[in-house]
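Student: Sequence:
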Amino acid sequence: MREECPHCGAELKPGARVCPECGSDEMTGWSEEARASELGLPGDSFDYDEFVKREFSQGDPEKGRLHWFWWLIAVLVVAGVAWFAIR
Numbered sequence: 001m002r003e004e005c006p007h008c009g010a011e012l013k014p015g016a017r018v019c020p021e022c023g024s025d026e027m028t029g030w031s032e033e034a035r036a037s038e039l040g041l042p043g044d045s046f047d048y049d050e051f052v053k054r055e056f057s058q059g060d061p062e063k064g065r066l067h068w069f070w071w072l073i074a075v076l077v078v079a080g081v082a083w084f085a086i087r
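Residue numbers for the sequence shown, in this note's numbering: 1 to 87.
Errors might be hidden in some of the hints.
Distance windows between CB atoms, simulated [claimed, not checked]:
hint, residue 1, residue 2, range
1, 46, 71, 39 to 49 Å
2, 50, 21, 31 to 41 Å
3, 53, 13, 39 to 49 Å
4, 6, 45, 23 to 33 Å
5, 52, 82, 40 to 50 Å
Derived from the structure by calculation, the hints contain no laboratory data.
Don't be surprised by glycine CBs; every beta carbon is placed ideally from N, CA and C.
Let the hints inform the model, and build the full structure from the sequences given.
Tutor: See below:
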């Protein structure tokens, strides 16, 4: 059974201590701890409420305010063009 390098994905011989392709080894992060950290799993300080807010929010509430700002600018531009056309 062959393994693969956690950094570059190259095939490794069983019991290999160094990757022949990229040169990574236990000193450069080739360890069980490094493999687990690459998964992006939450640690002990996982905040469920913050996760739900980040993943399931309906967008940034500040964007709604910006939306009205652009409508206001558009109305002012149209009013300015109309004023110059009538004058």
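Student: A range of 31 to 41 Å was offered for this pair. Does it hold for the Cβ distance of residue 50 and residue 21?
Tutor: 39 Å, holds
Student: So the hint says 39 to 49 Å: do the beta-carbon atoms of residue 53 and residue 13 match that?
Tutor: 47 Å, holds
Student: Confirm or reject the claim that residue 6 and residue 45 have a C-beta distance inside 23 to 33 Å.
Tutor: This hint holds: roughly 24 Å between Cβ atoms.
Student: Would you say the C-beta atoms of residue 52 and residue 82 sit inside 40 to 50 Å of each other?
Tutor: 48 Å, holds
Student: Are residue 46 and residue 71 spaced within 39 to 49 Å by their CB atoms?
Tutor: Because 40 Å falls inside the window, the suggested range holds.
Checked against the numbered hints given earlier, the structure satisfies every one of them.
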